[in-house]
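*Asks:* Below are the chains, spelled out letter by letter.
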Amino acid sequence: MNQFFSEADYFALVPAVMLALFGCAILLFDFVVFPEPRQRKRLAFVLIAGEAFAGYALWNQQANLAANGPSQAFHGALVIDGFSIFFNWIFIAATVIVAMVSYKYLEIEGEHHAEYYSLMMFAQCGMFFLAAGTDLVTLFIGLELMALSFYVMVGFLRTSKRSNEAAMKYLLLGAFSSGFLAYGFSVMYGISGSTKLADVATAIAARGPFDPLVLLALATTSVGLLFKISAVPFHMWAPDAYEGAPTTVTAYLSVASKAASIAFLLRIFLGPLASARDAWEPILIFVAVATMTVGNLAAINQSNIKRLLAYSSISHAGYMLLGLIAGNDTGIEGIAVYVMVYTFMNLGAFLVLVALRRKGIIGEDMDDIAGLMHKSPGYALLMLIFLLSLAGIPPTAGFLGKYYIFLSLIETHHYTLAVIATLYVAVAIYYYFRIVRSMFARELTEPAPLSTSFGLRVALAVSVILTLGIGLYPEPFLRLAQTSLPH
Amino acid sequence: MMDNHLLSLVLFTPLAGLLVLLFIPSRQKELIKVWANLASFAGFLISLPLVSRFDKSVSGFQFVERANWIPSLGAQYLIGIDGISLLLIMLTTVIGFIAILSSWNAIQDRLKEYYCMFLLLQVGMLGVFMSMDFFLFYVFWELVLVPMYFIIGVWGGPRKLYAAIKFFLYTLAGSVLMLLGILTLYFQYAGQFGKYTFEISELMKLSLPLGLQEWVFWAFFLGFAIKVPMFPFHTWLPDAHVEAPTAGSVILASVLLKMGTYGFIRFSLPLLPKASMDHTIVQVLAVLSIVGIIYGALVSLMQKDWKKLVAYSSVSHLGFCTLGIFAMNPNGLAGSVLQQINHGISTGMLFLIIGVVYERRHTREIAEYGGLAHVMPKYAVIFAIAMLSSAGLPLLNGFIGEFTILQGAFEANRAWAAFAVTGVVFGAAYLLWLYQRTMLGQITNGKNLHLPDLSLREIVVFLPLIAWAIWIGVYPKPYFDILEKPVQQIVERVRPGYYQGGAQAATRPAPGVTGRGPGVSGQ
Numbered sequence: 004m005n006q007f008f009s010e011a012d013y014f015a016l017v018p019a020v021m022l023a024l025f026g027c028a029i030l031l032f033d034f035v036v037f038p039e040p041r042q043r044k045r046l047a048f049v050l051i052a053g054e055a056f057a058g059y060a061l062w063n064q065q066a067n068l069a070a071n072g073p074s075q076a077f078h079g080a081l082v083i084d085g086f087s088i089f090f091n092w093i094f095i096a097a098t099v100i101v102a103m104v105s106y107k108y109l110e111i112e113g114e115h116h117a118e119y120y121s122l123m124m125f126a127q128c129g130m131f132f133l134a135a136g137t138d139l140v141t142l143f144i145g146l147e148l149m150a151l152s153f154y155v156m157v158g159f160l161r162t163s164k165r166s167n168e169a170a171m172k173y174l175l176l177g178a179f180s181s182g183f184l185a186y187g188f189s190v191m192y193g194i195s196g197s198t199k200l201a202d203v204a205t206a207i208a209a210r211g212p213f214d215p216l217v218l219l220a221l222a223t224t225s226v227g228l229l230f231k232i233s234a235v236p237f238h239m240w241a242p243d244a245y246e247g248a249p250t251t252v253t254a255y256l257s258v259a260s261k262a263a264s265i266a267f268l269l270r271i272f273l274g275p276l277a278s279a280r281d282a283w284e285p286i287l288i289f290v291a292v293a294t295m296t297v298g299n300l301a302a303i304n305q306s307n308i309k310r311l312l313a314y315s316s317i318s319h320a321g322y323m324l325l326g327l328i329a330g331n332d333t334g335i336e337g338i339a340v341y342v343m344v345y346t347f348m349n350l351g352a353f354l355v356l357v358a359l360r361r362k363g364i365i366g367e368d369m370d371d372i373a374g375l376m377h378k379s380p381g382y383a384l385l386m387l388i389f390l391l392s393l394a395g396i397p398p399t400a401g402f403l404g405k406y407y408i409f410l411s412l413i414e415t416h417h418y419t420l421a422v423i424a425t426l427y428v429a430v431a432i433y434y435y436f437r438i439v440r441s442m443f444a445r446e447l448t449e450p451a452p453l454s455t456s457f458g459l460r461v462a463l464a465v466s467v468i469l470t471l472g473i474g475l476y477p478e479p480f481l482r483l484a485q486t487s488l489p490h
Numbered sequence: 266m267m268d269n270h271l272l273s274l275v276l277f278t279p280l281a282g283l284l285v286l287l288f289i290p291s292r293q294k295e296l297i298k299v300w301a302n303l304a305s306f307a308g309f310l311i312s313l314p315l316v317s318r319f320d321k322s323v324s325g326f327q328f329v330e331r332a333n334w335i336p337s338l339g340a341q342y343l344i345g346i347d348g349i350s351l352l353l354i355m356l357t358t359v360i361g362f363i364a365i366l367s368s369w370n371a372i373q374d375r376l377k378e379y380y381c382m383f384l385l386l387q388v389g390m391l392g393v394f395m396s397m398d399f400f401l402f403y404v405f406w407e408l409v410l411v412p413m414y415f416i417i418g419v420w421g422g423p424r425k426l427y428a429a430i431k432f433f434l435y436t437l438a439g440s441v442l443m444l445l446g447i448l449t450l451y452f453q454y455a456g457q458f459g460k461y462t463f464e465i466s467e468l469m470k471l472s473l474p475l476g477l478q479e480w481v482f483w484a485f486f487l488g489f490a491i492k493v494p495m496f497p498f499h500t501w502l503p504d505a506h507v508e509a510p511t512a513g514s515v516i517l518a519s520v521l522l523k524m525g526t527y528g529f530i531r532f533s534l535p536l537l538p539k540a541s542m543d544h545t546i547v548q549v550l551a552v553l554s555i556v557g558i559i560y561g562a563l564v565s566l567m568q569k570d571w572k573k574l575v576a577y578s579s580v581s582h583l584g585f586c587t588l589g590i591f592a593m594n595p596n597g598l599a600g601s602v603l604q605q606i607n608h609g610i611s612t613g614m615l616f617l618i619i620g621v622v623y624e625r626r627h628t629r630e631i632a633e634y635g636g637l638a639h640v641m642p643k644y645a646v647i648f649a650i651a652m653l654s655s656a657g658l659p660l661l662n663g664f665i666g667e668f669t670i671l672q673g674a675f676e677a678n679r680a681w682a683a684f685a686v687t688g689v690v691f692g693a694a695y696l697l698w699l700y701q702r703t704m705l706g707q708i709t710n711g712k713n714l715h716l717p718d719l720s721l722r723e724i725v726v727f728l729p730l731i732a733w734a735i736w737i738g739v740y741p742k743p744y745f746d747i748l749e750k751p752v753q754q755i756v757e758r759v760r761p762g763y764y765q766g767g768a769q770a771a772t773r774p775a776p777g778v779t780g781r782g783p784g785v786s787g788q
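Taken in sequence, the protein lines are chains A and B. Under my numbering, the final residue of the first sequence carries the number 490; numbering is consecutive throughout. Under my numbering, the final residue of the second sequence carries the number 788; numbering is consecutive throughout.
These aren't lab readings, by the way, just hints derived from the structure by calculation. All clues given are correct.
Calculated pairs, DSBU-like style, for lysine-lysine (alpha carbon to alpha carbon, straight line, at most 30 Å):
#1 K470/B / K750/B
#2 K378/A / K298/B
#3 K362/A / K44/A
#4 K378/A / K294/B
#5 K362/A / K164/A
#6 K712/B / K569/B
#7 K643/B / K298/B
#8 K470/B / K539/B
#9 K378/A / K431/B
These numbers come from a predicted model, not from an experiment.
Put together the whole structure using the sequences plus the hints.
*Replies:* Next up, the structure:
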């Protein structure tokens, strides 16, 4: 077997192996070690232990990267570079934060099962391959692993119609988009005769951007990729899936799945499709503007906060695309920074909603959050900070994400796009502040205390410290993001 | 040596007060009030040494503090002041204290949040006037929005939420576009000098073509003009003022609006000298200023609401300030800065005066009042002083500022001065008429018969402002001395050779301006 696998291959794979192993272990633990239902919250700690191992492996990879530079594994199917490591740190952080708040939430929903945690780890395993994969097949399998896990998680509340409907919608549209993506990949394979991204890139560069087959591959691949990041016009699933899914899953979906999909998108557009920039730049400009427009304008009238945040997350995808359109180092670094800050601020906002879900109270409507300042000033203040950050107001972290995107647009002379993007900040503040208004200016309607847990408090503390910390002293985080530039 | 960190101390005293305030339980209402007043008073006391240690014979920035903040972006923690910032900082610490003191009885619920917001606002405003780094400046600039939103939106009048979000959206839209202008300069600097920095004095070394300067100028213009607010961007101001609680109006009119005029003076002029001297731009801005002066005054004449009247009078008075800036000569600029201080003093007093009767009667309809001088004689005297200072009566502060601005405007373009001077006339008209309708004659409304006169605390609130108004009115020389060097620097920067060529030559913009005046350097 040694001619097939080298030590470097194993080394590259360790984080994913850890995730898969612990994911399976959780299933076993469920009936072997912690058979009692009330013991299930310990499974969250098993998950965190697994993440610790994965994190340790990632740490080693980072040390190796610093010493020896990027390394390939499995004959170029995987690459361990700053980009993959950076995104994997984000996945780990997001998974741990979500897992910490899930046990209480699922108990309230009455659907606390071990599968939940293992699905999270399997999904994250897929994300690992999306960030590290450099082979069409690897990437596709990674995507499906992540997506399938999410289909199940979105429908995790088996008795809830909303949840089932959301899962069904997400599954059908997701499968459809995967079909497009697979078709695009098959065309790429047809062009190049190889599944390696580097070979595909060479073949596409040789044909030029406006070759019919290249355009076909570009169009179909883009459909699949843009669906995953919920860009307009492939965003329809997002509001429904976000609203219907359990709030913890919504948080996970909106953050980790989006980050992984952005990583995937960057791998494809900056890899095989890099030479076809002339063809895709106008398309992406249209998509980005449409995404920001639809996301921001549709959010204005939402009365369900989860749905509002779904539209806001659509608009954030538009901002991230702008960094790709600019395409210079600032833009790509900007996407990395954006994804990083978005992870913590968006998670934070959803965590507050998680706390609003109590026995018998769904707690995701504008009315449910009314007067929160009177009842739980701490939570109201946290939500305010997360919302300010989502809007991009300094000194919160969200400002830095937007800062890089704006700067990259100016550097590449996309002035009109820059003006549009900045003006949507003002629109965004309007709908985010509808929530703020409800929290601070309205009277208390629901006196029942929030459902908190130790995990939720820790997770909120981590999110807010990072949201403010990255905003006030961003230097170390920016350095981390700089390492993610693919070269 | 304390000197080294004096500015930081001034900047962060309110923040320290805020942090302590967070730990006082909400039930301890008296303690919260006392602490907030102490903190803001301490902020004022700590800012006093700035005046005594400020060396007005030195040009350039003083009390400079520099520390690396975000090396990856080239953003620094870099603060320092010159004469212009010194005056505005003193205005901020004085008015900040007075606004907090005036809230003692006016605010009854959510005291802790209220005072926290005020102290945070104070930090933001002080930071804006101190920053010598554009990134830092922008952070403080935006930091101001949030507490002001809450002050209007939580403790305001019936339409507070509408007014608060309008304020927020207007100013935010302007400032994000300004951010694009900042980033353009930043990027251009990196292109010319090979490194990234937000330091203002470094960015001044840029030589940009006129076309680009004009674009950046308009981007800055939107940010600053909305804040000032210049006509036609003023529509948020009356709403915000009418709905805001008294102290909020005071701080908004007296200090917050000055951030806009300060932005023009500190950034637009020195960073974009060619655009600032461009004939079209100067004409447009002067005309907008004059329209603002006359329009604000005329609309004031029509108002039935006391507070709205004063709000529109701000539009008119700030028109003078911007006109002085774009007259682009020493008189105009010095007059403009002084008038900003004056407006802070007199309009601050006028809003406090409205607050006094509003606390007693809970209405601001002018028609509800009349003959108040009979029952509230002390109040009538103080109102008279505030009103006359705002109207520009000689020996009071308003006269000095308006007169100097008109001198500057006259030097730049006689027609400007001719139009602007009508604003003074109208200003006297609406203020005197307001005074007549509310204070003089017989008491027509029975509810006013037993209004109590000013209490000692209320008088204490007014005294420093009155003293200040008289000081500037009688002996303005120290102020002009402080302003001389920084104004000279800006004029040299925008119109090189102004002082050598004498006033005659300088009334016409010299052709072939290279825009390479002596940069402001922070030593």
